[in-house]
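Model the placement of chain B on the given structure of chain A, informed by the hints.
Top line first, the protein sequences correspond to chains A and B. At position 706 of the first sequence (counting the first as 1) the number is 706 in UniProt numbering, and the numbers step up by one without a gap. At position 308 of the second sequence (counting the first as 1) the number is 308 in UniProt numbering, and the numbers step up by one without a gap.
Don't read these hints as lab results, they were simulated from the structure. This one's a predicted model, so the numbers in the text were calculated from it and none came from an experiment. Take the hints with a grain of salt, since some may be wrong.
To be verified - Incomplete in silico selection of chain B near chain A, CB under 10 angstroms:
id: 1; residue: Glu235
id: 2; residue: Asn274
id: 3; residue: Gly351
id: 4; residue: Asp393
id: 5; residue: Ser513
Note that beta-carbon positions come from the ideal geometry of N, C-alpha and C, so glycine has one too.
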Amino acid sequence: MKALFSKGSKNGASNPPATAPPVKKDLQVPQISPLEKRLQDMGSIRADGSDKFYGMENYGNTCYCNSILQCLYYSVPFREAVINYPQRTPMDSLEAALAKNLRYQNPNAHLEAEALAAKQKASSPPSARQAGVPPNPNQKPEDKDSPEYKKKVALQTLPILETKNNASSYGMSESLFTSLKDIFESVVGSQARIGIVRPQQFLDVLRRENEMFRTAMHQDAHEFLNLLLNEVVANVETEATKQAFTEKALPPTESADSLGTLTPSTGSKSPNTTRWVHELFEGTLTSETKCLTCEKVSQRDEVFLDLSVDLEQHSSVTSCLRKFSAEEMLCERNKFHCDNCGGLQEAEKRMKIKRLPRVLALHLKRFKYTEDLQRLQKLFHRVVYPYHLRLFNTTDDAEDPDRLYELYAVVVHIGGGPYHGHYVAIIKTEDRGWLLFDDELVEPVDKSYVRNFFGDRPGLACAYVLFYQETTLEAVMREQAQENQAPTTAAAETGDAGKPNGSPFSPPLAHAQSASQAPPDNTTSSIPLSRIPTAPQLSTYPEEPLEPNPASPRTVQPPLPPIPDEPAPPLSPKKSDHQLRKERRAMEKEKDKNEKNRLKEQDLHNREMQRREADELKRAIEASRADTVDFAAENGSPRKSSSFGFLKRGSRSLSHRLTKDKEPRVSTSDLSSSPLLPEVVPEGPLKDAEPAQPVNKPVQPIKPTSPVQPVQSPVSSPRNFPPISNPKQPTQPIRNPEPLAKDQHTNNTKPGHTPRWRSFSFKKVA
Amino acid sequence: MFVLPPPPPRYTIPVAYAAGAANGMAVPVVETNNTITHPENGCPLQVGEGTYILQDDLLLATPPPHPSEAPIINPNPLATLPTPPTTGVKLSLVTLDARKKPPTFLNSAVTAPQFGDGNPALAAPPVAAKDASKRRKPKNNIIKSSSSFVSRVITHETSAKRLGDRDWNGVFAFANINRAFQWLDLSSPTKEEHLTKVLFTKAHMLCHDINELTKTSSHLDIVMGSSAGDIIWYEPMSQKYARINKNGVINSSPVTHIKWLPGSENLFIASHANGALVVYDKEKEDALFTPEANGHSEQEIGRLPLDILKSVNSKNQKTNPVSFWKMANQKISSFSFSPDQRHLAVVLEDGSLRLMDYLKEEVLDIFRSYYGGLICVCWSPDGKYIVTGGQDDLLTIWSFPERKVVARCQGHNSWVSCVAFDPWRCDQKTYRFGSVGDDCRLLLWDFSVGMLHRPRAHQASTRNRSSIVVPNSQAANRHRADSGDNRMRSDSNETAKSSEDIEQMSHPVEPRSRTALLPPIMSKIVGEDPTCWLGFQKDCIMTSSLEGHIRTWHRPSDSVVKA
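One chain only, chain A, in its complex shape (with noise of 0.2 angstroms):
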């Protein structure tokens, strides 16, 4: 400990003194920042995380993960079911943990490297991080209020905090749930209030897993979330699965039971069940369709996590809603295969809300295929959001179908188009207003500064996902009484110790360190005291010397993404897709073997359907590859409907539900509907089909493990991405075949993250 304080000390040393400079340089320097002045008065550090305001680093291009996953942090059962699950890592670990991946920085670093960066007089060269907003010629390189500055200086003075994988130590194998909860775990246990993240580690297991992210490139957030939600589900479902397996205590079917596909366990909020992300995030949906032959209305339920609401001009969410829900009439070649009748008919059809999820996730269709362009376009439509929200498309059998939400988070997209932008989270802590997350810089905003985003203003900024969350009016009023008090007081507890900005002593301890950061006593009359350390109750000592290298600036300049963007070889995605799952399975054969004893009866099956699956899937390439009239709609969305490839799915099959575009034109759910396709096929045969899903679905309880190993090898695993300045780049041979009905069918079998989800959804129908 003293050899790292005198090393501490020592960094300070060698770095000319930290308080120097800004006393005769930079008389404007704030003494303290917007958010430490949002934070004062916060009392002792917290253990449930509701206290910490990180940012996230941007790895050039990330802002569609770290947006996400500060709206997800902020939700607090989900944060708390994600920390809770299977368990909390055991505190020796989270600290020892921590000690390796905290890293404190110089708070004056910033000044040190403006003094060197002002005696080079070179201007660093501009940042590629958020290549998709246009550059502001008029900017000046040293714009202090410009984002781009702002996050410089968070990266050269904030707390770092590296997040490693950690799984072992609460037992479970790597995987993006994993990695999801150790930054949650860092963050929570992190003895500093505010600081910054570097999903470093959760994005390389994303990528690793999931060919589209790959890339570089812009990536839709609103995937993004459906992927991870996925996901998180899958690797706890699997986690749980293997648990039962291993401990041997409960029979086949109860560890059936416990992966809740059978009985939804309800009311629970313990994380224990396996089920919190579908209590939280997961709605019902039903279809009634009528027909108006015979008048007999029949129903279907499915399952949603978000739902995706086309816009119109000048509209609001509610109304966004209620045409979600507006009836539809199912005719001409869109005919409705009634059962009871017999044959094609008309029918009316429209979508209901049977459950209501307990934080709803609403995603506007900002992004909509226009034929002239032949692309997607944003639609900068100004569509109105309320603070709060009850749903109106509810069914007459619904529980609760006046449940109160309130809005918690806006992921707000700034661009021109699908295909590049920046993200940016706002939302509303439990006890600290609205703040501003954008990559590494978080800033406290007015309440409404939310409703910047309607998507009638300029900048280019609209509100592309919207969390709302479950509440009572009992809550929003008490909440109301609150409001815009709360500033009065802190400015009075400020004002009574002096000017908010000036005085040094006045300003509580924000900014928790170890004492070992502490620095020198004489540094303390011009640093500011919000940064200075409390006493520790957790160590977290850099183990490495603090190289902050504050002399030298830190650059913007995004590391290079871990899987370096090289030219797709010419072989086809889905191939690749198909050699990958082949793979999979391989393993998937191995372990059962392991257990095969047990598992004898679901192995068969699973061969029988992997047969089945692979079969279909060389048909629907097939069928993809003749079917080249819709090639060209199809890739409106190059990026969506190739590399996207099996990954695609998992959105879609949640989407293309609440999507009201017909059933057969699911694949353009998300991307609106494509008003080229012209193949309507009427949903007949795929709720024929449907039925016969449940059959064959819960009997493969086990998931590929394939997280633990890396999957793909550079060859096996050609990424596909074409240039998306041509959306009619010829060199996807294949097109995503899922608008064809039969095609429903082989995605509901193949071994993505989809049919997991699906499963649930099949077990209600049934």
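Just chain B now, with coordinates in the frame of chain A:
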């Protein structure tokens, strides 16, 4: 790397929003003129009684930014600097023609006492009884003003002649657009040409009202509330003005709504964005406002529905404000006086509708919107019903005597910005009202108590839990006839209020399954920008929009109605 395609052109939404300057949008660089168009087969409104024909569409010119206030175009769409509030165009209409007055439904002459009746300090000084017709004017000339608040005044070159020639039964309109405030003569053949245009330096006028009691052919008392909190008392005939709440000395938050007290020559109420409802006297000077001692302890502030920081019964009435009530911590969106001039319905951003007996300075009831903030409110001409509109896209009809929700009206596709009854199409049994919203629509509604039905079976109601509370017993068996309420509160300093009194009648939200749903009789998109004001006249319906479109529909002729 790849060459990205240029971003597609931004949707061609109308750019010259009234909010333009504030939002950094392109705004005209020079002063322009109002324009008028007469749409050919415009936008007919078809309802039972006939077809309302769109007569014209008058587009008010958005003024250029003040030279000293060139809009700083912030390239960062995430800039956290708060933008100053602004609003779309709203109109205040006035006519001296008694025939154009809306019909009244109150059987007896209004006998509501004057506000602050019992306070001798408020008794009007017995002045100038000799010349009752001579109205007192504000002191300062607005044209020659050197105030930094007023930028300049543009008078139409022939305005004096036009004023002299005009038919005195015509209709004047006063309209705010951006930082301008225009005076229009709607009965003139050249009605698009303003009589006077006042340009303010920075502030936007958000609301305005004309005193119906003091209007004469040579005098109009107008008050307007600004985004800066300042209030202007303006007399257009003499071009005089006075500034009240100067620099926000009494309350610095924006004025969201302003109305003359019914039957008062001098007093008006302004609601502020910080939840304060303040009564001012146009004749009185400002004084730095310090809340007078009130009986509520610190903890209770914000919980009590009405925090009387200065009562009308205060002895100190030499300066403004006359009274100062803090209703909530949220913005007051709007308020409306009951036709009998005794009650005030106030709607707030927190989603509450608060009914006040403002003469007694107390809140009688609090209702909640279905969800989201409430935006607009009005009373039926007979005072029996209150209609509110809000962020739940709904209009809600409340029964004042029964103190409960009567029906919810579903038809808007976005937030409802203004609601108004059409007194010419109301009788004792049926009511006509209209509404406009951010969805650019104008909707007309008919309702009579008899025709309302319960759209849903009660089946679902038994299962309700959580956010919808079953009406509490207290509210259910309460019968408090407000007229029979003879409690007098002499002073707000007196705190001997029983808990019973403090206990406000806070009504729970009615579940959807137990509320009647009313469809509109007419719904029409009337423009391309959000509509923000609606008014019924004897011969027409008028709307105005965010960007400055003032549209006028003529009522169907009587022959059409008969046929």
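Going down the list of hints, with the structure as the test:
1. Glu235: Cβ of B:Glu235 sits 35 angstroms from chain A, so the hint is violated.
2. Asn274: This interface hint holds because 7 angstroms falls under the 10 angstroms limit.
3. Gly351: 7 angstroms, holds
4. Asp393: 5 angstroms, holds
5. Ser513: This hint holds: B:Ser513 lies near chain A, its Cβ roughly 7 angstroms from the closest one there, short of 10 angstroms.
The structure shown violates just one earlier hint, number 1.
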